[in-house]
Amino acid sequence: MNFKDEFLGTWTLLKKELLRFWRVVFQTVAAPVITAVLYLLIFSHVLANHVKVYDNVNYTAFLIPGLIMMSLLQNAFANSSSSLIQSKVMGNIVFILLTPITYLQFFLAFLIASIVRGVFVGTCIYLFALLFVDLPMLHPWIIFGFAIIGGALLGTFGIIAGIWAHRFDQMAAFQNFVIMPLSFLSGVFYSIHSLPPFWQKLSQLNPFFYMIDGFRYGFFGQSDVAPLLSLSIVTAVFIVLASITLGMLKSGYKLRG
Amino acid sequence: MKKAIVFNKVKKNFGKLEALKGIDLTIDEGEFFALLGPNGAGKSTLINILAGLMKPTSGSIKVMGHDVIVDYQNARRSLGIVPQELVFDPFFNVREMLRFQAGYFGKGRENDDWIDEVIEGLDLQDKANTNMRMLSGGMKRRALIAQALVHKPPVIILDEPTAGVDVELRKKLWQFIKKLNQKGHTIVLTTHYLEEAETLCSRVAMMDQGKVVALDKTRNLLKRFSAKNLNLRLDLQDKKIPASIQRLIQMTDQNFVTFLLKDITEVEFIISELKKSKIAILDMELKNSDLENVFLKLTGSKK
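Chains X and V, in that order, give the protein sequences. Take 1 as the starting number for the first sequence in my numbering and just add one per residue. Take 1001 as the starting number for the second sequence in my numbering and just add one per residue.
Hints are computed from structural coordinates only; laboratory data are not their basis. Be careful, since some hints might not be right.
Claimed, not checked - Listed below are the simulated SDA-like cross-link pairs for lysine to any residue, each with C-alpha atoms no more than 25 Å apart in a straight line: (1) V:Lys-1055 <-> X:Gly-257; (2) V:Lys-1287 <-> V:Glu-1273; (3) X:Lys-250 <-> V:Asn-1074.
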C-alpha cells in the first residue's frame, strides 16, 4: 500500500459519488434550486413590507442567504445519506467494502461529495437570486468558510443516517423529523430576536441557526450572534459528528456484521 | 507450495446459533477448489469473513499470507470475490463500473488494457457501454465476475456463480474461469451443482452445519464412496416396498426410488423382490456414484 494507491482510491470513490448525483442532476440540483426560488418569490412578496430585520437590508435580500444555506445543508445531507441507503438496499455497497479502501478514505470521499453538491446547489440559487435583488458580499471568505463547514457537517450527518438506516422509510423519518424542523427553526425566514423567549432559547440549541447566521454575516456584516462564536460552535459540532462517524466506520457498524 | 488461503479455527456465532464451529482449511496456490454444502451449512458466512464483510467470533484467515483483519488491505488486494446476489449500481454502465472498481484498488488508466481483456473474455463487448440496469440476469452475472477480476487478484472466489444462469452461458463462464486457473489463479467456488464441482475441481471440501465434514481430492472422495445407484420408477399404487430391500433405499420421491448398491448382483435381488410384491417397474437407470451420493452419505440427509 502506498500513498498513490490510497489517493487514487479516494479520488475514484469521490468521482463516483459526484457522477452519481450528476447523472440525476434534474432531481439533485434543479429541483432544490426551483424550490428555493419559489420560497424566495412567495415569501419576499408576502412579507417584504411587514418584516424588517436589519436596517439597510430589505427582506428579500435578508432571505436569500438563509435560503441558500438551508438548501446547501439539506442537499449535503441528502447526498451522502441517499447514496448510502441506496447502496445498502441495492446491495452494491459490497463493491466498496471488498476493496482496500480504508474507513478514512470512505469518509473523505462521501464528505467531499456532499460538500460539492451542497455548494453547487447553493451557488445556483445565488445566481438565480441575483436576478431579483442586489446582494452585497462584504466578507466572501466568511461566506465560503461557512458554506464548507456547513456542507461538511450535514454531509457527515448524512453518513451517520445512511449507515444507521436500513430502509427507505427510516431515512424519510430522518429527513422529516430531524432535518426539516432543524432547517425551518433556524432563522432562515426571520431573525430569532423576533421570536418569543422560549423559541429563542430553543433556536440557540440548533446548529443550523449558527450556520445560517454566520453565513448571512458574510453578506451583510450583521448577524444575531458574533460570527466567530458561530464558527466555533459549528466547528465543534462537526468535530463531534465526524468522530462519531469515523468510529462507526472504523468498527464496521451496520456495514460489516 | 505456497498457501492461497489458510482458515485457522474460524468460528462465528449469531447469538446462540453457531454458524461456524471452527473451520480449519488450507487451499494451495493454483488449486481449483470447491466448497460444497446445503443451504445454511455456513459456506457464505465463511466467504463473508474471508472477504471482510463479517468479523469472525474467533479464529483467523490469511490470504496469500495476509491476515484478513490485521493486513486487510493486502488481503483484499489478493482477493476477487463474485457475490452470490446479482447486485449492481444502477447509475453506471459496465465499463464505468469496472474502471471505478479498479480505481478503488489504486489502478488507473494503465489498467484499461486488462479491463478490455476481461470484457472480451466474458463476451461483454457489446454491452460495455450499456447501463447495468439494462442488462439481463446472465449479463449482470458476467459483469459481476468482471468486477471481481479488475485488479488481477491471485485468488478468485465465486459464490454460487451459476445460480440462475442458463446452460450455454454456464459453459462459457467455466471455460473462462478454467483459463484463469491455468494462468495460475487460485479458484474457490461454492456451489449447489455438485456435477460442476465434480468436473472442474481438483479438491472438494464438504460443509454441513458449520463444520467441514469431508476434505479430499475429488476423485478420492468418489473412490472412497464408490457405489452404484439404481434409479427406478415404480408403479407403486398402494403397495409398499418389501422390507427386505428397504435398507438399500437411499432416497424416495413419490414413485422414484433410488437404491444404493455395493454390489451389482443386488440389482437382481431388488428386481425379484419387487416382482414378488407385484410392483411393476416402469423405468430403470443404473448410475455410478457421484458427489451427490457422497454428499448425502456424509451429511446423512435424506431428501
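Status of each hint after checking the structure:
1. V:Lys-1055 <-> X:Gly-257: holds, 6 Å
2. V:Lys-1287 <-> V:Glu-1273: Roughly 21 Å between the alpha carbons, so the hint for Lys-1287 of chain V and Glu-1273 of chain V holds.
3. X:Lys-250 <-> V:Asn-1074: holds, 17 Å
Checked against the numbered hints listed earlier, the structure breaks none of them; every hint is satisfied.
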